[in-house]
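**Q** Chain by chain, the residues run as shown.
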Amino acid sequence: MPMKNRLLAVFALVIAFAFPVSAQELEIDIVDGTASALPIAVVPFAHEGAGLPPHVDVAQVIGADFNRTGQFRTLARGDVVEFPAREGEVSFATWRLLKQDYLVIGRIADSGDGGYRVEFDLMDIGRGQRVHGGAFVGRATELRGIAHRVADAVYEHIFQVPGAFWTRIAYVTARGVAPDFEYALMVADSDGYNPQLVVRSREPLMSPTWAPDGRRLAYVSFERGNSAIYIQDLATGSREIVSASPGINGAPAFSPDGSKLAVSLSRTGNPEIFILDIASRQTTQLTRHWSIDTEPHWLPDGQSILFTSDRAGKPQIYQIAASGGEASRLSMQGDYNARVSVAYDGQRLAMVQGSGNVYRIAVLDRTIGRGEYRLISPGRMDESPSFAPNASMLIYATREGGRGVLYSVSTDGRVRQRLVLADGDVREPAWGPYRQR
Amino acid sequence: MNLAIRICLATLLAFGLVACKKDTVRDEVIAPPPVDTPAPVETAPAGDDWSDPSALDRIPCLRQRVVYFEFDTSNIGSEAREILSCHARYLSNRPEARVTLEGHADERGSREYNLGLGERRGNGARDALTTSGGSANQLTVVSYGEERPTCTSSDESCWQQNRRVEIVYNVR
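From first to last, the protein sequence lines are chains A and B. Number 182 in our numbering belongs to position 182 of the first sequence; there are no gaps in the numbering. Number 125 in our numbering belongs to position 125 of the second sequence; there are no gaps in the numbering.
The following block holds chain A by itself, in its conformation from the complex:
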């Protein structure tokens, strides 16, 4: 743990040296509101320690998490008229008058070893009682993470689905134009804060994807002159090349058990889907077709793989058994479907749907009839959708004003929020798994 923190500190130093700090923070805008969201008030947490108050506004972080989902609507800070810190101080009548369904209160004390102890309570205003609560301990640098964990606990109690706020995203940034590019693979908190450099290169970096344990990333780097697939340990920074055959080495996707990668390799002459066993490096060819077969994504049971193929002329999504066999076409609506992302339930699939020069994110819900598509982004250059581990939201990339930006969007498409790197191009977001405590 101390080792990990020291490495992170080194990474942070590298970033601070390379770019202005302001350029690394992601801006946040709510683009679109919703009326059906649950009203919830998050009261500023009381500081009860002897030392300096923390530099993180824990309640603000929690409230921003809630708003981003579209499932909550938080009470504006200016409308908070009472500031209870404990259950006994809550006047339920006040919050009923403010038409709130839920109330989150909390307090921050010294933990005794230089850190903080954050306690919280969730009040159900309608029932007039405390329904949940807990405590987290951590250093000052961990306070944003603790706030996300409080938000997760509240979310799970109310919706009976784990929250996905205490998670991370990986993404690629690019600066410059030919021939002077600089690419960076970054990891940040799910709200875009705390960006950390994973690897930097003057040659393209692509297609970051998370191992199921959340400790490793696989990605594509051209630093050796051609595409090659790397796996990198985030804590130690150590990495290894797992595929560097002639032609394309692209589109890595970890199997649900983490032991294999599905990849797209063109060493046979054109891109085909292969399964690569990470320990032995042995590959098994899955598709055999002259078309472009790429962007594999495992279904959660590990038995099937979805992928993009233009075997019918235009890219469409196909499904094939992980043990091989015939591929069958899955996407039946729209003349261009690619880059599928699968929700944990295997029933909701996000993809890039193209029509003319407009590319939008579509979510196919297979639980409705024969499958219903919903377009959840406005276009026109939207790409790389990635589900949060609880499928409440997705993150995707688009272009605005000549540069790449990231959006998070609720799975119903009603609430979108931009996460913009202040300088340079941001693309290819990948939402990581639940973090292990």
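Do not rely on the hints blindly, as some may be mistaken.
[Stated by the list, open to error] A few chain B positions that, by computed beta-carbon distances, are all more than 12 Å from chain A:
#1 ASP52
#2 GLY77
#3 SER78
#4 ALA88
#5 PRO95
#6 GLU96
#7 ARG108
#8 ASN123
#9 THR131
#10 VAL142
#11 ARG148
#12 ILE167
[Said to hold, decoys possible] If you only want the chain A side, here are some residues facing chain B, beta carbon under 10 Å, derived:
#13 GLY114
#14 ALA140
#15 ASN226
#16 GLU428
I should point out that these hints are in silico values taken from the structure, not numbers from a laboratory. Since the structure is predicted, the reported quantities are computational estimates derived from the model, not experimental observations. Cβ coordinates follow ideal geometry from the N, Cα and C atoms, glycine included.
Got chain A; can you put chain B on it based on the hints?
**A** Okay, now just chain B, sitting in the frame of chain A:
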């Protein structure tokens, strides 16, 4: 259907005909990007040396190192074909020369698919070079997909410059 496509592809490879895959050719006809030098109908004067590396700087069509493509296709157009056959003539006269064909795509569509598309264009250029006298062992294809654009605005004037294969001499 499958057989028809295969025959079509085989024809494409053998004779370099364009527009076999009618479903991937857009309705709009896109003018090729302007090039700096006049159309490369090579009329090399007698005794002009095609085996000397200085030919790459001297002979106009050899100085053209980029060929362009239409949207979502790897079809070699007539202008690209002239440039490639010129380079094929040099490659056949200079067996020690080595070339990397860097395939690129515009930003539309998914990045990994575009990596495949860039490779398809690179392979198309490779096949055109080998049918005109170049040797396969002189040629390496690398696809960069849409990752190394020459311009970054989201319009056709920019996209057409990015749909390209760059002919890079590693050994002249």
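**Q** Run every hint past the structure and note whether it holds.
**A** A quick look at each hint next to the structure:
1. ASP52: 27 Å, holds
2. GLY77: 20 Å, holds
3. SER78: B/SER78 clear of chain A: closest Cβ-Cβ about 24 Å, beyond 12 Å.
4. ALA88: For B/ALA88, whose nearest Cβ neighbour in chain A is about 21 Å away, the distance exceeds 12 Å, so it holds.
5. PRO95: Nearest chain A Cβ is 21 Å from B/PRO95, so the label holds.
6. GLU96: Per Cβ check, B/GLU96 is outside 12 Å of chain A; nearest 20 Å; holds.
7. ARG108: 7 Å, violated
8. ASN123: 8 Å, violated
9. THR131: Holds, because the least Cβ-Cβ distance between B/THR131 and chain A comes to about 17 Å, which exceeds 12 Å.
10. VAL142: It is violated; B/VAL142 is separated from chain A by about 5 Å at its closest Cβ, not greater than 12 Å.
11. ARG148: Violated: least Cβ distance 6 Å, not greater than 12 Å.
12. ILE167: 15 Å, holds
13. GLY114: 45 Å, violated
14. ALA140: 38 Å, violated
15. ASN226: 5 Å, holds
16. GLU428: Where the cut-off is 10 Å and the nearest Cβ of chain B is about 7 Å from A/GLU428, the hint holds.
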